[in-house]
Every structure is written in C-alpha cells, then in structure tokens.
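Position chain X relative to chain U; hints supplied.
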Amino acid sequence: MITRRTTLSHNIVAFCRFLRENGMAIGPDEESTALQALGQVDLADRDAFWLALRTVLCRRVQDLEPFDRLFRQYWKELEKAVDSKIKDDPKKQRQKPKPGPDFNQLKSWLYGNKPSEETELTTYSVQENLSQKDFSVIAADDLAEVMQRIRELSLTMARRANRRYRKTSAARQFDLPQTLRKNLRRGGELLEVAYRRPRKNHLNVVILADVSQSMDLYSTFLIQFLYAFQTVYRRIETFVFSTSLHRITPALRNRPFAEALSELSDSVSGWGGGTRIGASLQQFADEYLNLVDRHTLVIILSDGWDTGDVDVLTESLTRIKQKARKIVWLNPLAGNPSFQPNVAGMQAALPLLDGFAPVHNVESLRALDAWL
Amino acid sequence: MPQHTRESIQTLLQAQGYQTDPQVVMSVFLAMQLRKPLLIEGPAGVGKTEIAKVMARALNTDLIRLQCYEGLDANHALYEWNYQRQLLHLKVLEVTGGQTTEIPSVEAIQAQEETLFSDKFLLKRPLLQAITHHRPPVLLIDEVDRADEEFESFLLEVLSDWQITIPEIGTIQATHIPYVVVTGNRVRELSEALRRRCLYLWIDYPDYDKELAIVLEKVPQIDSRLAKQISSFMQALRQLRLEKTPGIAETLDWATALAALHLDHLDKDLVEQTLGVILKDWKDVRHVQLSLSELYEKAGVISKWDTL
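Sequences listed follow chains U and X, in order.
Read in this note's numbering, the first sequence has 327 at position 322, and its numbers run on one by one without any break.
Read in this note's numbering, the second sequence has 111 at position 116, and its numbers run on one by one without any break.
Chain U on its own, in the form it takes in the complex (with noise of 0.2 Å):
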C-alpha cells in the first residue's frame, strides 16, 4: 500500500512537471493540492480522478482543453511503459519537450542584440535628432539610447494616467460642509453624515498590436512602449496579433522586457509573419469582447496592410465600438508626410475610428498622451 502511495505521488510529480514542460503555469501549491484532492476520491475510478485532477490543475477555461489533452497523452504514454516494462518512466516523460529551440531562440536572441549592448556607451551624435527619427531608419547604435528614451516616455505617461485618478487609500473622507447642510434641517444635529471620494479613474485600456513583418520594424519599440506603460498602469490589457490573437498581459508584467520579449516571439505563432488584421479582431471581439465596456480606450497599433477581408474588419470593429468608449488607431506609416490612408484595410476602417494618429518615433508617442 505504501510503495503505492509513492508510486502514485511520484506519478503526480511527473505529470505536473509535465504539464509544466507544456506551458501550464503549475507549481508546488498545486501539486500538493491535488494530492489532497487524490486523496478524497476513489482512484479505481478513472473519471473520478481526471475530474479531480482537472479541478485543481487548471485555472482558467482556456486550461481545459490542452489540460485534457496533455491528460490523456500522458497517461496513455506511461500505460504503455508500463506494459513494455521500460522501468525509468518518469524519466522518459521528462525527455519529451526538446530543450533545442529555446536555448536557440535565446541563443539567437542574444547574438542579434549584442552589437546594441556593446555601443551602448558611446551614443554621442545626434541626440537632439533622435526622438524625431522614424523607428525605421534607427541604428543598430542608437538603439539603446532610443528604447531609453520610449521606457523614460513610457513610464512618465502611465505615472501621470495613474496619478490624475488615483483612487487614495482612504476610499471615504468625511465631508463636513456637506453634512453640515445637510443636517440644519435637524436643528444642527449631525445625524445624516456625507462622504466624498476621490474622483475615480474609470478608464481601462486595451492594446492591440501588430507584430507581423510589415509592422517588424515597429513593434520593437512598440512592445517595449507597453512593456514600461504597464509596470506603472495596471488597468490595462495587452494584445499581439498577426494572424491570430494573443493575449500578452501576463507575459509583461512582473519579468525583466529582455525576458518578455524572447518568450513573446518564441511562443506568439506568427511573431513576423503575414496579417490578418479583419480575422484577428474578429477573434477579440468574439473571445474578449467582454473586457470592453464604455470606461475603455482600445488602441489598434497597426499599418493597415490587411490581407483578410475587409467586411470582416469593419464588421469587428463594429462590434468593438458599440461596447467601448473610444478606438483609436495608430498607424507608423502615418508619419510619412505623403501618406494617404488608402490601403483597403485602413479605408474601410477609418470611418469608425475615434482616432488615428501616426506612431513613428519617439516624439509622436509623446502625443497618446491626448488620449489617456
């Protein structure tokens, strides 16, 4: 009875491990946890024991399927160990996840950007120039100077949204004028009380933003915008997308960006490929729609070269502006004097637009400030 316990806590162990192995976020809590809950049900039972493992393991809908799927895999894979009579199976799980394209993707990751690291010291020419220059034609030199630069812009910007509305910790103040008047129908005595709060910040933003490859040179910085926005600015929600959509806020928060960013282009399918801008607001509005409320801002970060259906964008971003408060699109090829809006994407698009703005360098970012 006992070698079983252990063969069942290891078993635990190794799935977990796992699951983590393919992207659930499972740690040591969760582990024990389940095997308490183990403890509580018949483990004869099959169904008993995945529902009790599904009850404690995920954590959100989107857990579910790959949950049930990994589920399946891995115990079918270790039924079949077990058969074969291979003994070292926790082992051989552990085998499965190749540590090849990580290790490359970061490999490569560090490779590319080191140039910027080592110039790092030596920016010294055009410094007034800079926050004017298109994102496009940065060098591989002023690189760092630039991301310094947007990070400072960023953080300045998110501190300020924050502080206009901040809700102060004493969420009741006692309003003396007010309760004053409100009682000399009493005779002067305080018996009905009024409070006044601060002024509360409504206003929550939802980013949407294009990393295909005609965005590549852009999103970069771009990402590194919402990136320091959102250490300081909590009410936020940050999307990519390029042929499908993703949700990245959790991806940004609490990790140094080096780290955000590798792990965003590594496990974003389709980080620097073709866009499908219609198809991917289709799928927010149809997944996330119920984010969106009228305190939200919703920024499109895109050049408009759609290659999906136009019906579909106009008909997502339809369904988008009936909920929000405000759409606004800002557009890099915007800031190129001679442009006209007239990729089919962005024609059709413009109409339903609260706003559209250029975001091409520094500079212009400095102007989202109008809409926060």
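There could be a bad hint or two in this list.
The calculated lysine-lysine pairs, modelled on DSSO-like cross-linking and capped at a C-alpha distance of 27 Å, are [what the hints assert, rightly or not]:
(1) U:326 to X:275
(2) U:328 to X:278
(3) U:328 to X:275
(4) U:328 to X:239
(5) X:278 to U:187
(6) X:278 to U:326
(7) X:263 to X:275
(8) X:278 to X:293
(9) U:331 to X:278
(10) X:239 to U:326
(11) U:331 to X:239
(12) X:115 to U:187
(13) X:275 to U:331
(14) U:187 to X:293
Which bits of chain X does chain U cover? Going by a derived footprint, with three or more residues having C-beta under 8 Å, they are [stated by the list, open to error]:
(15) 14 to 27
(16) 102 to 113
(17) 175 to 184
Calculated from the structure, these hints are not laboratory results.
Every residue, glycine too, gets a C-beta built ideally from N, C-alpha and C.
Here is chain X on its own, set in the frame of chain U:
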C-alpha cells in the same frame, strides 16, 4: 459535520432541484473536503450563483452573499460603525446625565468609549459576518471581476488569514472557516494569485439533455414535446452569433410563458411573437427573425408546421 462523499453531494444537489454533472459534483466535493475556495466561471445565466445557493441548502447552513461592483471597497465588505446610532446614544446620555456639571473621570470616559465602539454599534458587512457566524456558512462572492483589482488583493488577504482587524476593537479571528464560492463573468481577467488559491470550475451552456431535464424539473406543467422542442431550439439558437446569448434563465422564462399559453408544440408565429422573452437585444431579434426557418430546421421541429 457529516462526512460527504461524491454520491451524497450528487443526491443533495439533485434533491435541491439542481441538474448536475460529474464535473460540478467533483468540484463542489473537493471544495468542501479541502476547504478551498471554488472559483466558478462561465457565461451569464448558466447557474453559477445557483451552485452556492444549493450548497448552502444542502449543507443546511446560511448563505452570506457579497455582491461585487465597481468601486466596492473594504468598508462595504467588512464593517462600518453605525454613526447615527452612536450619535443618538451620545445625545441620550447628554439629556439624561445633563444635570451633573462635574467633569467626568478618565475611567468614565474610557467606559463611554468602550460602549460606543462595542458590538451594538458595529454594522457587520458580509465578510465579517461570514467569519463570525455561529456555524460555517457558505460565503458567495458574486461577480468578483466587477470589483477593482485593489479589492481583489484585499480579498486574498482575508481568504488566507481568516482574520479581520478593527482598530477600535482589535483583531477578530474566524470562529469558523466558511465555504467560499467565487463567481466571475470574465469582465476582467482575474489575477493569477486569486486563481492559484482557488479550485476551478467552468460551467458552459447546458447540452440538450441537461437543458431538457432542467426545463422539466423547473416547469413541471409543461408539455413534454414542447419542452423537447424548446430545448433543441435553444441549442440551435446559441449557435448563432448573438450580442447576448440567452442562458438557462431565459429558457425557463420562455418555457413558463409557453406553458402558460397551454401550447403543446412550437408554433412559428408564436415564436416570433415571444422572441422578446429570450432575446434582449433588438439586433438579435432581427437576426433571429431572418434565420428562423434555418433555426427550425436545425432544431428539428420543421415537420410540425410544414405539414400544417
């Protein structure tokens, strides 16, 4: 407390008129056994709140409900001093004891203060109520995603320590740890920390069999063929992309309405006339009116009015 098994919980839930499935039973069972909060998510109108209510009835205990909304703060969730009553109390003291002109002693003032900040003047709000209840209640924290993030972190603190500090009185320890059910509509993504603390249950729109069972259970006077047609019509209806997909509550309203009209089948004209019961958005109504024939076909009720 009696020891629960999954079977006993299933019977309890069913006895309370709740149509359940194994996943729901397992989640409720584990939440009770492991004493962990249960986070329930799902679209509106699928009976998330109902689980807590049924749980309370099944455990034969009280349900304490904290409805979350934007701007909800700790005061509203924990306690408030009954200021008016305190003032009145002082006023009464003033009137009755007004004759004596001597200066009150320090002890007297202290005693006064103690009465002023005693239980009598304390308004217990749901969280304080829940932890000072005389038996473990079911604490329902409804639509937690409507509250601000700050409140969520505050909630986490209470849910892990099970104690509340009131400056004038001191720290109040939980007499019993309540069963906690947290529900969310995914209006805002909940923090990872809250999710980690909870067991998770996702409830989706019911499938045909479950919906039919619910209709028959809740609207017993309904004709069984009508119930079947309503259920399959609703199944088909949810496939359409609507602004506001109808939940079980709407199905039941509709079933009750049609049953009150003593119908035994879904009539096309009648459906058009009563769409307002299940659809709450004019664009949805129009959309459905346009695709009504298709819906009929999908729902398999076409034969009825075709042969007429």
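These are the hints, each one checked on the structure:
{"no.": "1", "hint": "U:326 to X:275", "in the structure": "holds (19 Å)"}
{"no.": "2", "hint": "U:328 to X:278", "in the structure": "holds (14 Å)"}
{"no.": "3", "hint": "U:328 to X:275", "in the structure": "holds (16 Å)"}
{"no.": "4", "hint": "U:328 to X:239", "in the structure": "holds (13 Å)"}
{"no.": "5", "hint": "X:278 to U:187", "in the structure": "violated (46 Å)"}
{"no.": "6", "hint": "X:278 to U:326", "in the structure": "holds (15 Å)"}
{"no.": "7", "hint": "X:263 to X:275", "in the structure": "holds (19 Å)"}
{"no.": "8", "hint": "X:278 to X:293", "in the structure": "holds (21 Å)"}
{"no.": "9", "hint": "U:331 to X:278", "in the structure": "holds (22 Å)"}
{"no.": "10", "hint": "X:239 to U:326", "in the structure": "holds (16 Å)"}
{"no.": "11", "hint": "U:331 to X:239", "in the structure": "holds (21 Å)"}
{"no.": "12", "hint": "X:115 to U:187", "in the structure": "holds (26 Å)"}
{"no.": "13", "hint": "X:275 to U:331", "in the structure": "holds (24 Å)"}
{"no.": "14", "hint": "U:187 to X:293", "in the structure": "violated (62 Å)"}
{"no.": "15", "hint": "14 to 27", "in the structure": "holds (count 6)"}
{"no.": "16", "hint": "102 to 113", "in the structure": "violated (count 0)"}
{"no.": "17", "hint": "175 to 184", "in the structure": "holds (count 5)"}
Checked against the numbered hints above, the structure breaks hints 5, 14 and 16 and satisfies the rest.
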